[in-house]
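So the sequence lines, in the order shown, correspond to chains U and Z. The first sequence begins at 0 in numbering that gives the first Met the number 0 and counts up by one. The second sequence begins at 0 in numbering that gives the first Met the number 0 and counts up by one.
Don't take every hint at face value.
Said to hold, decoys possible - Simulated restraints on C-beta separations:
| hint | chain 1 | residue 1 | chain 2 | residue 2 | range |
| --- | --- | --- | --- | --- | --- |
| 1 | Z | F201 | U | P16 | 38 to 46 Å |
| 2 | U | G135 | Z | L130 | 58 to 66 Å |
| 3 | U | G135 | Z | P28 | 47 to 55 Å |
| 4 | Z | A180 | U | Q132 | 23 to 31 Å |
| 5 | Z | S153 | U | P16 | 58 to 66 Å |
| 6 | Z | S153 | U | R127 | 36 to 44 Å |
| 7 | U | E6 | Z | A180 | 31 to 39 Å |
| 8 | U | D58 | Z | A180 | 42 to 50 Å |
As the list claims (entries may be wrong) - Among chain U residues calculated to face chain Z with C-beta under 7 Å, some are:
| hint | residue |
| --- | --- |
| 9 | A49 |
| 10 | L51 |
| 11 | F80 |
| 12 | F97 |
| 13 | M101 |
Keep in mind the hints are simulated off the structure, nothing from the lab. All C-beta atoms in this analysis are idealised placements derived from N, C-alpha and C, irrespective of residue type, glycine included.
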Amino acid sequence: MTRVHIEGVSKSYDAHPVLHALDLMVDAGYFFTLLGPSGCGKTTLLRLIAGLLDPDAGDIRFDGESVLSRPPEGRNIGMVFQQHVLFPHMTVEENVAFGLRMRGTGIREARPKVNEVLEMVQLAGYNRRFPRQLSGGQQQRVALARAVVVDPVLLLLDEPLSNLDARLRDDMRALLRSVQRSLGITTICVTHDQTEAIELSDRMAVMFDGKIAQEGSPAELFEQPVSAMVAEFLGSTNLLPARLLDRSHAETSLGPVHVRSCPDQLYAAQEDVLLNIRCEHIAILPAVEDAEAPSLARLAGNHVAAEVVSSVYRGGLVFYRMNVDGTPLSVIDRSDRQFVPGARVVLRIPPEHVSVIRDDARTFSS
Amino acid sequence: MNRRSGNTRAILLGLAPAVLTLLLLFVGPLLLALVQSFGHAPMFGLQEFPTVRFYRTVLGSRRFQAALWYTLYYALVPTILSTVAGTALAVAASVRMRGSRFLTFFIRLPLVVPYLVGAALVVALFSNGGLIARLLYLLGMIEATGDFPRILFSAGGWGIMLVYLFKQVPFVFIVVLSVLAGMGPEYREAARTLGAGPWRAFRHVVLPRIMPGIVTSSLLVFAFNFQSYEIPYLLGASYPGTLPVEALRRYQLPNLQRRPEAMAYVMVITAFSGVVLFLYLRAYRRWERSRGSL
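With the rest of the complex left out, here is chain Z (with noise of 0.2 Å):
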């Protein structure tokens, strides 16, 4: 007994560096985030704890509400889009072919390249000047470079939806990838012997051996893509900015008294992907409950 707490006290002195560092530098931050949120922020002259003001602020402006769907569009559509293009690519590149190791290997380049220099490579290439409105206009195909529809700068938030499917497409293509690979072509060989034709085999045998790399790879992809602000700030709409563009505008303003908004937002966005993580994570497990894997 004394032996097991002492063994226990090693464990947690052992975790303590790691454990305090996580706290000071995650959990630290937002909680001061979360008190400035509420009003307390002496240093600006805010004493008003505690207080749901700025969230009334926040939460009731048209501007929240437009960034809120934008947010959620820009997330969930590059989501969908990579999780389906990347598991079909790594199907695709797991059945021995020709071609299949160049292709492997050409669509995990995207992965070394940092998100920015996604970001300047979709400016060169689908900006109205860039390479591929030239070329257009080369070929005579259209009347000016500015005629080439605008994609980035947008509304409809193509541009930061092409940096999105560059390094995420690959980022879906190992991890499924990487769990094919783990399983074998055995499965999908034994569904056929069985009279299962490719598709039939695939929905039935591979697909549910393959969903748990779906799943967290798109898990972390929409955590990613609803949290993050450069892609949305360098190549989205002046209006409607995602929430990270407007919690960074708030916070901004020379108006320190509103500080305490740009925490609002910052709340709101870990609570609302906090809470979507949640509730997909909980079906998914279900769903594989009710298929007894777990």
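Excised from the complex, chain U in its bound form (with noise of 0.2 Å):
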């Protein structure tokens, strides 16, 4: 297993700079998942660690040891790309055997690893087949047993899942992390998925604009963002400028709300502040229709009233557009009940789930 460490890597195309200064450390066999919108960097970052690129500064190291002198071929790495790219003129077997007969095997002695990962990826028997002769996801399956067969100290995965459909993507995911759990061998794998990032990763990092937004453990990134922009670009959001009160009350155009402790650092700046509120933790409870019940702005504990403006139902979740008093909210309820547009309910915004991050006046969409 391989510790990789990247310290101070830049590049830039045509003085266009893509990488700033950028540091980043894997830990030896952990899933690492890069996170990122198109061309924020990160399948340069990618191709710059196996080595088809060469950075214009800095260093990466595998296990403390630099590879920069080293070209591809000597990093002894595994990639899976975005297009597999099998060799179309070669077989199954052959495609598999590539790596092992590069480092001088036969394909007669090869021929028994190449069958072990070849039923890890579950294609046992596809030997003598062509990749045109494959489906989609075989086809990447196929990839991924070429790039592990050799017993690489590092696998490097390329949007390994973007050009497959649904249903092959969370059979192909849930391969990827057995596969890479069985073997124990690190991995750096680039999306911009986030689903799949949250779902793959040990740890992950997003990134915008050649630089590392946030790094940390799924959960951390997902509960805590440290900005408007990793809050955004990791799934539906309500952001709401907020002013503290406290550690943890802060008073928004909803009314106050109970807040997740804040930050030490946030607190002393006295700063305005944006409350991440995630969609699917926002409970949805209706409301009470008797007349002498209290009047729904009074209700305590996070609770607040609001009118169903739209609703639309996906598969097992309903996504509503809420209005609280004239603050749209967005809200994903996980239920087989559907309110209608113009229904009054009343929504309940549990505390330990309202992380405050600082308004950075920037958000992914702007």
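Assembling the complex is the task here: the two chains are given apart, and the hints tell you how they should meet.
Shown next as structure tokens:
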């Protein structure tokens, strides 16, 4: 197992900077994902690690040893490309054996090892087929087998699932994870799909504009994003401008909201902040119709009255746009009931899921 | 059923103008040449059809044998050289590096120049009174411009081959480069990450992928070189000529009764290049099938 250390790496194309003095450490045996929008430099970083590009500055080390002087063929890595890139003039077996043959093993001696990895990717017996005789999912599995058969020190995945349809993607995701676990191989995966990143990774980093915006476990990034951009990139969320009243309360357009304890430096700065409330964390309660009931606005404990503006049903999930006294809120409800537009409801916002982030006036969509 | 045969008729009718023109312009003359070569030429007072007398005269002459070897020589050597050079340059240009754009632009220039202009260029540069000879003389490297080695009008055929290379290296270059461009760098990169050095990545992965382009362009180059007459006629030795030059010389003889000899030459050229191209293609298809890519 190999630890990968990226130190102050910069890269530009034709004077257009892509990576700026980037630092990153990937621990041995981890499944690490680089998540970011297209053009953020994540694929460039992967290609630098593979040796397909040379950095302008900085160093890349495997287990403490710089690999910059080594060409791609000298780094003992396995790489899976977005478009699988199987060699079309070779059979599955020849494709998978390619790396072994380049290391001096004959095709016959390579066969047991080839069969072993084909079995691992559930393609036993496909040895004599040609890539064009396989489905997209099968091709991508051959590409994975071809990358891991040589026992690489590092597995690099460049958008490995993006060319597969939704159902195959789930299977392939599970397969990737099980292969990575059983081989215990350090893996760096590049993707723009936050679901993929969150489900696959031990650790992940979100990248924007050639810089790492935040690094941590998927849960950390999801629950405690450091910026609006990270919060928005990790899926549907509500960002409410707010002012801190104390460590666990903030004033918003919804009224005072009870929040998860605010980070010290943010509290100390007394800045304007944003409250990050994930759409799936807001619970919907039917409104109390009884006229004698206490006024909705006065319901305590992060309850607010809202009106349904629109609702869309998408297989097991209902996506709502809500209106709370002029403040729009998005809510995702995992339920088989569906409120119609105009319905009055009560929303409960669990304090433990309200994180406070700095209002850097930058959102991903802007 | 009816509808289908009606469709077929409509398609045939639609194709008819093109097919008839082709038949008239291509197959017609070939058939005329064929019957003339077997002795049917009443306009020249010859009515011996069918006779193989003219083939016997042509094939039995030492001139023909020499011409055949020279034609093969002029056809094969530039084909091999331009295929290797054009492919190598295309591979170099496909790798993004400093100057590859300039290389691509510069190499393609000769494509817009006609063969005859190429011949004029070669004469201007390489003849004994040509630019290079005069330059060497000025630099004091040769005593007189006449000492410049004889490149043109010699049995070595260097002049002819220079013109062919001038035109055909760019031709192979653009065909192979377009195949390489369609293929992208990913295959080479995948091979590199799997442990292949640059040369082995080329040999095992890139070369098999660009083979169809190489085969097609070299086929066209060979067919052209084997059958063209103007460059050997202008820049070749007076003896031996290539087969097409010999055919033309027979054709221009004052004795019209020997015209069928020219036609026999034409038929031999057609048959010979047809057989060579067929064998080449068949060998390639076999190789391809053994690689499973068909």
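Hints, verified against the model:
1. Z:F201 - U:P16: 38 to 46 Å: With a Cβ separation near 32 Å, F201 of chain Z and P16 of chain U fall outside 38 to 46 Å, so the hint is violated.
2. U:G135 - Z:L130: 58 to 66 Å: 59 Å, holds
3. U:G135 - Z:P28: 47 to 55 Å: 52 Å, holds
4. Z:A180 - U:Q132: 23 to 31 Å: 26 Å, holds
5. Z:S153 - U:P16: 58 to 66 Å: Holds, since S153 of chain Z and P16 of chain U (Cβ atoms, about 59 Å apart) stay within the stated range.
6. Z:S153 - U:R127: 36 to 44 Å: 55 Å, violated
7. U:E6 - Z:A180: 31 to 39 Å: 36 Å, holds
8. U:D58 - Z:A180: 42 to 50 Å: 34 Å, violated
9. A49: Result: holds, 6 Å to nearest chain Z Cβ.
10. L51: 5 Å, holds
11. F80: 6 Å, holds
12. F97: 5 Å, holds
13. M101: Where the cut-off is 7 Å and the nearest Cβ of chain Z is about 4 Å from M101 of chain U, the hint holds.
Of the hints listed earlier, those the structure fails to meet are numbers 1, 6, 8, in rising order.
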